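Engineer: As given, the protein sequences belong to chains Y and U, one line each in that order.
Residue numbering for the first sequence follows our numbering, beginning at 1 and increasing consecutively.
Residue numbering for the second sequence follows our numbering, beginning at 314 and increasing consecutively.
In case anyone wonders, no lab produced these hints; they're calculated from the structure.
Values in this document were obtained by computation on a predicted structure and should not be read as measured data.
Heads up, the beta-carbon is just placed ideally off N, CA and C, and yes, glycines get one too.
Check the hints yourself; a few may be wrong.
[Stated by the list, open to error] Part of the chain Y face toward chain U, derived, beta carbon under 7 Å:
(1) T95
(2) E98
(3) L160
(4) A164
(5) R238
(6) A242
(7) P264
(8) T266
(9) P269
(10) N272
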Amino acid sequence: MNSTPIKTALIAIAAVIALQLVGGLLFMVSGTYNIAADEPHLKPVRWMLQAGRTRAIQMRSRGLHPPNLRDPSLLKRGLVLYRQNCQPCHGGPGTANEQIGRGIDPKPPPLLTASNKWDDSELFWIISHGLKLSGMPGFAPRLSETDLWGIVAFLRRVVLLSPAEYKRLTSAEDLGADDPLLNWPSNNDYGFAQLKAQGDAKRGLELLQSYGCISCHMVPGLAHQRSAGPPLTRFAERQYIAGSLVNVPSNAVAWITNPKQFKPQTLMPNLNVQPAEALHIAAYLYTSGSSDRLTALERNLQIAKESSTPKLN
Amino acid sequence: MRITFCALALLAIALSACSRRGAIEAGQQPTGGDVRIGEHLIYAYGCGSCHVVPGVAEANGTVGPTLQGFGSRYYIAGLLVNTPQNLFRWVSKPQEVDPGNAMPDLGVTERQARDIAAYLYTLQ
């Protein structure tokens, strides 16, 4: 007697599933969904693909052991391979991708973004195996394991290079292994320690107001007037300052203190902000946006400092 | 009660349609470009890989500054006054304007730069 409601429910569930399957099948064979690469995916489809991809990469890249990625010879190998195999689709700082990389959907992301998003093993896995339905090929059969780690090493270094440095690096015929661009700076922490020790975000907010930064920039947390320059929202995620300097604490402080030393033509005035004050301002600006990029940079600088003798597989 | 609600809803729709038309006008009028083509070009050239561009699919990059509110911005790239002519030049040849900056020359034609500018000026 009391099995009847359960039975009815089961039949209803089965009917719904069957209907969904038929509906899905009809949708598939009808050809309604646009698979053209020059039109974006529908938002839910994009979300599904991205979420699934992220999980798959995380799952499958477990248990890989990166070699010492700070080895200059590994970096150099990665640079050459990057230029040949990655730059055509992904471009580089100040360097456009080639025609072949432009018509792909999803758009091949700038590798700065990828470098901040994935850890070493995940990057290695992506480059080795490629990604279905994305245009990203797998390089594993054609490149050796050392070559693949070389590309990962280069991706780690490239996020700390300015567009000008990148251009020099990729246009030079041959670089010596002692070239500073191929080596991780051992005594330079790009101002992270000082920011942590002395930067006072609250004081920074007051300074942003008193120096009148808000008359040109939208500053998160402050009412702004009119925008002359770019909004400073999500500043922590921004890769470059003024399109030319890598966004690290030391550069942020130097730029705020004296922007014209880097770009004499810049319309940002020199307001005689003291370095200690600029540090507070930077501390506040870095509270806006996700901290993933800065955390990734800091982690890599830490490893650079700790890395001892180079060891290759 | 219900009538008031419907009337308010209709008014809201009408107002948003007007402001959308106003925004399109703000883009089209000074540039002579086509806002809808511009929106597609911004997607197709992958501008969104580096910039947040409100209203454009997948445009959520943070390599460079957000283009939110670009229509009311005074300057471009911290170097040029934000006029249509300057914007055409910047969009099509950023490396000529500011050699060595992070924005690459993507081969945007002059016609396309007009359409892209038209879209950017709708962002208030």
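Engineer: Each hint: holds or not?
Structural biologist: Here's how the hints hold up against the structure:
1. T95: holds (6 Å)
2. E98: violated (10 Å)
3. L160: violated (14 Å)
4. A164: holds (4 Å)
5. R238: holds (6 Å)
6. A242: holds (6 Å)
7. P264: violated (11 Å)
8. T266: holds (5 Å)
9. P269: This hint is violated: Y:P269 lies away from chain U, its Cβ roughly 11 Å from the closest one there, beyond 7 Å.
10. N272: Since chain U brings no Cβ nearer than about 19 Å to Y:N272, farther than 7 Å, the hint is violated.
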